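*Asks:* I would like the entire structure built from these sequences, with the hints used as guidance.
Listed in order, the protein sequences are those of chains P, R and S.
Residue numbers for the first sequence, in this note's numbering: 1 to 296.
Residue numbers for the second sequence, in this note's numbering: 297 to 578.
Residue numbers for the third sequence, in this note's numbering: 579 to 854.
Calculated directly from the structure, the hints in this document are not laboratory data.
Predicted model, so just to flag it, every value in this text is computed and none were measured.
Cβ coordinates follow ideal geometry from the N, Cα and C atoms, glycine included.
Worth double-checking, as some hints may not be accurate.
[Stated by the list, open to error] Pulled a few chain P residues facing chain S out of the computed Cβ check, cut under 8 Å: (1) S44; (2) L80; (3) K83; (4) D187; (5) V188; (6) K192; (7) R196; (8) A199; (9) D215; (10) G217; (11) A220; (12) T240; (13) L255; (14) T259; (15) T263; (16) L269.
[To be verified] Cut-off 30 Å, straight-line C-alpha distance, at most; resulting in silico cross-link-like pairs (DSSO-like, lysine-lysine): (17) P:K150 to S:K752; (18) S:K651 to S:K599; (19) S:K752 to S:K651; (20) P:K53 to P:K6; (21) S:K612 to S:K590; (22) S:K700 to S:K823; (23) S:K823 to P:K192; (24) S:K612 to S:K823; (25) S:K752 to S:K700; (26) S:K777 to S:K620; (27) S:K612 to S:K777; (28) P:K270 to S:K612; (29) P:K270 to S:K777; (30) S:K651 to S:K709; (31) P:K150 to P:K192; (32) P:K83 to P:K6; (33) P:K192 to S:K651; (34) P:K270 to S:K823; (35) S:K777 to S:K700; (36) S:K599 to S:K612; (37) P:K270 to S:K599.
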Amino acid sequence: MNALAKPCLDIRSLSAVLPNGLRVLRSVSLAVEPGEVRALVGESGAGKTMIGKAVLGVLPSSVRIVEGDMLLEGEDLGKLQAKARRTLIGARTALIPQDPLTALNPSRRIGPQMTDRLVRILGWSGEKADARIRQLLDEVQIREPERVLKCYPHELSGGMRQRVLIAAAFAAEPRLIVADEPTTALDVTVQKQILRLIAQLQREHGTAILFVTHDLGVVAKISQKVSVLYAGKVVEEAETAALFAAPQHPYTRALMAATPRYTDPFASLKPVDEAVLAGLASEIAAADQAWRRPHG
Amino acid sequence: MDEARISRHGSRARLWLAGGWLLIALLAAIFAPLVAPQDPLAQDLMLERLPPFWLDGAEPGYWLGTDSLGRDLLSRLIFGARIAFIVAFAAALAACLVGSTLGLIAGYFGGWADRIISRIVDVWMAFPPVLFAILLVAVLGTGLSSVIIAIAVIDWTRFCRVIRAETMGQSRMDYVENARIAGYGRIGIMLREVLPNVVPSIVALLSLEMGIAVIVEAILSFVNLSISTDDPTWGGIIAEGRLSIHQAWWVLVFPLVTLILTVLSFSQFGEGLRARFDPVLR
Amino acid sequence: MAEPLFSVRGLKVALPDMTRKPLIGRAPLAEILKGLDFDLPKGSVTGIVGESGSGKSTLGRALVRLLEPSAGKVIFDGRDITHLAEAELRPLRRNLQMIFQDPMSSLNPRRTIASIIAAPLKQNGLGDNLKARVAEALQRVGLPQGFASRYRHELSGGQRQRVGIARALALSPKFVLADEIVSGLDVSTQAQILTLLEKLAAEMGLTVAFISHDLSVIRRLCRQVIVMREGAIVEASATDTLFEKPQQAYTRDLLAAIPLPEIDDAWLLPAAKAPA
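*Replies:* Now the structure itself:
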């Protein structure tokens, strides 16, 4: 990557707290270069979804960002007025959600739901939006776009709904897509098709993706870089190939050993060692103490 | 997390305020002969339409003033509370027993049982409740037990509908199948697994229903269809107060305030109890 | 192979299809299982794998007779249980146990862990010495004794699933159905629960039907595998055979679709395109 080019997304030392003072994000720093897929991997409670939400500006009201900057193509989101920030986020980012069923309004047809965003937020004409959506449905290999556009969400299968949402996400040519566990709810064979599709569209459109997942298998297949999270802290960050060749942090190693592999059943599915968790706990405690000192 | 704490804090205050008022009213009702300053039925035309204690012309011992027959308003309210509470407890309990049982059966067994019970509920709810109550009392004759029966007969459907829906939701949980795996029979599962999970809703509804019973009783008294006109009831006092609103506003206002506070307290108390004792919400 | 504990012949299950229910009248029946034949040998773990809609969970529920088959025969331990009534099943229940997918929904929120584990014991005539039995069950799944007085919302996902296992195994049943028991858990917890089940199954000589969508997990735990698709058996064989020499194209597709945690640039490419 060109060191002079601005990263598509640059998160610098982001910390967020709950009202009870608990830190849910612990000085998270990461950058997503243009056109690159960055995986955020971790178990539940690791804060991976939280980071995606922070980028899209949809954090729950109880979570407060107390420190750090987020730069979207060089523009500091924290320095913008609320309205300008919404417009910028709306124009340059998109989301592929985990659950394609709840992400779609059950009482509206697919067609208008897909064009809505293009017309309302980007101010496109109806015809232009319509043509664009059809083009994207073709790209996600939906054979009968006419029928699908007239369907209600429940009339489509899970895989089809996710294709529709992928098409909608890429339609506005965003610079960055946050994909939040987009294949977790799907069967493995469908998951493979969807991952292929995301990778293909990502390559063709040159879109950067922040890919949130709990599955190291998916990380290995889709991403170029990866951040491993534990309790809201980035414990390891590396090129994906390097991470799988030689994981550095004990937690990363433990996670890899715990992930099932049918090719090697007895070397995988190893329970995480207590010592690793104890090490993580003291690492977090030390980081919190160091962080509190200047912050009172 | 914080929202939960705030709402728990709010629910505690609500529970104490509502419970406090109900306790005062209940104690007053139980010990009415001891706490009432005057005989609620004693008329004295020399003392008619005395204002409450802070206004000019008030008499000591008649704290909230008197009505147009010179009867002490506070004493009448206290004795009225007796009838209000008897009706509230008896009618709400009866409605609760009938409605919850049928709702539990309909929701848990489904099929024909559900279809029959739900149809009856639909038909029942098509009657306008107050007219239905007036009709029932007219047929049964006035009196305390008629009022209680009328309220129970009308309002069991409220329990039935809510408990049925709640039971259906609970019945779909895996722990119900789990109990079958453990070897429990249908009735056993309904009582052991499902019932405890709908009890908080029953308690909340029961409390709400007590408030409603108080209102219905007041309405029936208002149209002179409750118990004998001699006994003071809140509805009866309100009806009398309405006639002399321009000469003695207090005869209308105090019973109204008492009524509203009591009804509100019942519903808030139920919600507060539910929030406090439901381990799932906690 | 050992003598079968379960012998299933021509098993069909039809359930009312609510999506096609007319406004008035009954929903039409949809055939979920379309005639299955298989045996579950005694004392071994059998994997049942399939994607959503394959009927694997329906099959599990028919085995423990939470559902009544519409045709065919289910022979359990030499006895035909296909159409037994609920009351006739009750004495058999202690040998037909189940661990559920969602430990949250399978534990009654208003009961303590001790009471949840004790319920099947009491119901099956093991009510004496309850405290000791509950303590033993907790210890067996590696939960501290203090958990006996807790409620489900005070436990983590992995701990809840341990309670589910403790409860199912408290009766030392002949058969345990495990329905997607790790699909809701984190990988590290998943590994713990699976090693626990693996250990207990071996120690107690359990016959287990392990339903899962994840072939990787099945390979580790199961001695034989049944692959299902759309209510029928695609392939059934010993685990090693299935993974090393899958006979059916569908099985091969399933295996190929699993994203292994290793770098493989070709995996995502439909054709021979160079990686970006």
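*Asks:* Indicate, hint by hint, whether the structure satisfies it.
*Replies:* Against the structure, the hints:
A distance limit of 8 Å between C-beta atoms decides the matter here; for S44 of chain P the minimum to chain S is near 6 Å, and the interface restraint holds. For L80 of chain P, the interface hint is violated, since its Cβ never comes within 8 Å of a Cβ in chain S; the closest pair sits about 32 Å apart. Restraint check, K83 of chain P versus chain S: the minimum CB separation of about 36 Å is more than 8 Å; hint violated. Using the Cβ-Cβ criterion of 8 Å, the hint placing D187 of chain P at the interface with chain S is satisfied: the shortest such distance is roughly 4 Å.
Taking 8 Å as the C-beta cut-off, the interface hint given for V188 of chain P holds, the closest approach to chain S being about 4 Å. Residue-level restraint check for K192 of chain P holds (minimum Cβ-Cβ distance to chain S is 4 Å; threshold 8 Å). Nearest Cβ of chain S to the Cβ of R196 of chain P: about 5 Å, under the 8 Å cut. The hint holds. A hinted interface residue such as A199 of chain P counts as satisfied when its beta carbon comes closer than 8 Å to some beta carbon of chain S; here the least separation is about 5 Å, so the hint holds.
Interface hint at D215 of chain P: satisfied, since its Cβ lies 7 Å from the closest Cβ of chain S, which is below the 8 Å cut-off. Look at G217 of chain P: its Cβ gets to within about 3 Å of chain S, closer than 8 Å, so that hint holds up. Against a cut-off of 8 Å between C-beta atoms, the interface hint on A220 of chain P holds, since the closest Cβ of chain S lies about 5 Å away. Of the supplied interface hints, the one on T240 of chain P holds, with its beta-carbon coming within about 7 Å of a beta-carbon of chain S, less than 8 Å.
The interface hint given for L255 of chain P is met, as the beta carbon of that residue sits about 6 Å from the closest beta carbon of chain S, less than 8 Å. Residue-level restraint check for T259 of chain P holds (minimum Cβ-Cβ distance to chain S is 5 Å; threshold 8 Å). Given the 8 Å rule on beta carbons, the hint for T263 of chain P holds: about 6 Å separates it from the nearest Cβ of chain S. Annotation: interface hint on L269 of chain P holds; nearest CB of chain S at approximately 5 Å, less than 8 Å.
Restraint check: the Cα-Cα separation between K150 of chain P and K752 of chain S comes to about 52 Å, which exceeds 30 Å; the hinted pair is violated. A hinted pair counts as satisfied when its Cα atoms are at most 30 Å apart, and K651 of chain S with K599 of chain S qualifies at roughly 29 Å. As the CA atoms of K752 of chain S and K651 of chain S are separated by approximately 19 Å, the hinted pair is consistent with the 30 Å bound. Taking the CA atoms of K53 of chain P and K6 of chain P, the gap is about 22 Å. The hint holds against a cut of 30 Å.
At roughly 5 Å between alpha-carbon atoms, K612 of chain S and K590 of chain S fall within 30 Å of each other, so this suggested pair holds. The suggested pairing of K700 of chain S with K823 of chain S is violated, with an alpha-carbon distance near 47 Å, which exceeds 30 Å. A threshold of 30 Å between alpha carbons decides the hint, and for K823 of chain S with K192 of chain P the separation of about 22 Å falls inside it, so the pair holds. A hinted pair counts as satisfied when its Cα atoms are at most 30 Å apart, and K612 of chain S with K823 of chain S qualifies at roughly 26 Å.
Using a Cα cut-off of 30 Å, the hinted pair K752 of chain S and K700 of chain S holds, with the two alpha carbons roughly 18 Å apart. Taking the CA atoms of K777 of chain S and K620 of chain S, the gap is near 17 Å; set against the 30 Å cutoff, the hint holds. In summary, the hint linking K612 of chain S to K777 of chain S is not supported, as the alpha carbons are separated by about 34 Å, beyond the 30 Å threshold. For the proposed pair K270 of chain P and K612 of chain S, the alpha carbon gap of about 38 Å is over 30 Å, so the pair is violated.
Restraint check for K270 of chain P and K777 of chain S: the C-alpha separation of about 13 Å stays at or below 30 Å, so the hint holds. Restraint check for K651 of chain S and K709 of chain S: the C-alpha separation of about 39 Å exceeds 30 Å, so the hint is violated. A hinted pair counts as satisfied when its Cα atoms are at most 30 Å apart, and K150 of chain P with K192 of chain P qualifies at roughly 27 Å. This hinted pair checks out: K83 of chain P and K6 of chain P have alpha carbons roughly 24 Å apart, not beyond 30 Å.
Pair hint K192 of chain P plus K651 of chain S does not hold up; C-alpha atoms about 37 Å apart against a cutoff of 30 Å. Taking the CA atoms of K270 of chain P and K823 of chain S, the gap is near 26 Å; set against the 30 Å cutoff, the hint holds. For the hint pairing K777 of chain S with K700 of chain S, the CA-to-CA distance comes to about 26 Å; that is within 30 Å, so the pair holds. The hinted pair formed by K599 of chain S and K612 of chain S meets the criterion: a straight-line CA distance of about 21 Å does not exceed 30 Å.
Distance restraint check for K270 of chain P and K599 of chain S: the Cα-Cα separation of roughly 47 Å exceeds the 30 Å cut-off, and the hinted pair is therefore not satisfied.
Comparing the model with each earlier hint shows violations of hints 2, 3, 17, 22, 27, 28, 30, 33, 37; every other hint is respected.
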